[in-house]
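Build the full structure now, drawing on both the sequences and the hints.
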Amino acid sequence: MRKSQLKAIENLQGAEDERLAQKRLALQRAGYEVSRAQRQYDAVDPSNRLVAGTLEKRWNDAMAVQSRLEEEIEVLMQQHPCAPSEETKQSLLSLANDLPRLWDHPASSHDIRKRILRTVLKEIVVYSEGDSVRFIVHWQGGDHTELSLKKTPVGRHRHITSTETIELITSLARQQPDERIAATINRLGHRTAHGKTWTAARVCSIRQGHGVAAYREGERQTRGELTIDEVAAVLKVAPTTVLRLVRRKELAAVQACHNAPWAIRQDDLDDYLAARARQSPSACNSDQMALDIQ
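Positions 1 to 294 (UniProt numbering) are the ones given, in order, by the sequence shown.
Just so you know, the hints here were simulated from the structure itself, not pulled from any lab data. These numbers were taken from a predicted model, which means no experiment stands behind them. Cβ coordinates follow ideal geometry from the N, Cα and C atoms, glycine included. Hints may be right or wrong, so weigh each one.
[Claimed, not checked] Okay, the calculated beta carbon distance ranges per label pair: (1) Glu217 - Asp267: 18 to 28 Å; (2) Ile73 - Leu149: 41 to 51 Å; (3) Glu123 - Glu219: 58 to 68 Å; (4) Gln40 - Lys114: 52 to 62 Å; (5) Ala214 - Asp267: 25 to 35 Å.
[Said to hold, decoys possible] No more than 27 Å apart at the CA atoms, straight line, and that leaves these computed lysine-lysine pairs for DSS-like: (6) Lys196 - Lys150; (7) Lys114 - Lys150; (8) Lys196 - Lys114; (9) Lys122 - Lys150; (10) Lys57 - Lys114; (11) Lys249 - Lys236; (12) Lys122 - Lys151; (13) Lys151 - Lys196; (14) Lys57 - Lys23.
Structure, rendered in structure tokens:
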């Protein structure tokens, strides 16, 4: 980019020099036409008014063209870029380092970036070659850059939801409706392929795209699964007590991910109740004999 910056200035100077040279050449021709028209007018017999009038008009027209060209040259001279000083060259070269900072600046809007592209780019030529696309970027100033990218396979797009998120949605769909799934994975910091937060509609779209059925009310009970609150009601204790049992691994439970609800199988709860009954001091030992004391 550094060479192309100075090359762009040189090209601009060259183009302006060429325009100025063409205008000056045209002015010379116009001056010749003025002189010729004047000589013709001076040579005509004044009594021949028709011819004299025609030659006078031709002379006036030639002088008008000459005057217009002189004005155009004056404007070009005012607009003509001067050769940059060494200080100016260094300042222009430093723009190559400032451009990435400007592009990535938080205040740089899409409109500003479009203006940057229109300023530094001349054209982009694209070639389709098999499973890849080749780009030739022509910069202002004459430099060019060649890039090659793989084509996105048919039926796919470059914005793809992470495998981890899809697996979470698949697991949570057996425990929660879409709205609660969205809240759970948002708390975990997961985002969509476009960097957005999850909503019930977006969860539904992923679910349907991967053939995952929606949560059906009552399906947990059909599978024999209980929530923390339901187990607490059975044990007649607080939900926090059940959580302590789970964390101490005294009661088996599964959780799809952090912040997801715990699922406790009815069989595991039955095993816990049986174990607690065996450990209870009040449990009756079948090997002991009951004494009937009068």
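Could you grab the alpha-carbon distance between Lys122 and Lys151 and see if it respects the 27 Å cut-off? OK: Lys122 and Lys151 at ~24 Å, within 27 Å.
Return holds or violated for the Cβ distance of Gln40 and Lys114 against the range 52 to 62 Å. Taking Cβ atoms as reference, Gln40 and Lys114 lie about 58 Å apart, which means the hint holds.
Lys196 paired with Lys150 [C-alpha distance capped at 27 Å]: Within the cut-off at roughly 26 Å; holds.
Would the pair Lys57 and Lys23 pass a check requiring their Cα atoms to be no farther apart than 27 Å? At roughly 24 Å apart (the allowed maximum being 27 Å), Lys23 and Lys57 satisfy the hint.
Given the hinted pair Lys122 and Lys150, is their Cα-Cα distance within 27 Å? holds (24 Å)
For Lys196 and Lys114, compute the direct alpha-carbon distance and say whether it is at most 27 Å. The hint holds at about 24 Å.
Checking one constraint from the list: CA of Lys57 to CA of Lys114, max 27 Å. Satisfied? violated (53 Å)
Outcome for the supplied range 58 to 68 Å, where the beta carbon pair is Glu123 and Glu219: About 59 Å separates the Cβ atoms of Glu123 and Glu219, which means 58 to 68 Å holds.
Taking 18 to 28 Å as the hint, is the beta-carbon distance of Glu217 and Asp267 inside that range? Check passed, 22 Å falls within 18 to 28 Å.
Tell me if the straight-line CA distance from Lys249 to Lys236 falls inside 27 Å. holds (19 Å)
May I ask you to test the hint 25 to 35 Å on the CB atoms belonging to Ala214 and Asp267? holds (26 Å)
Tell me if the straight-line CA distance from Lys114 to Lys150 falls inside 27 Å. holds (25 Å)
The structure shown violates just one earlier hint, number 10.
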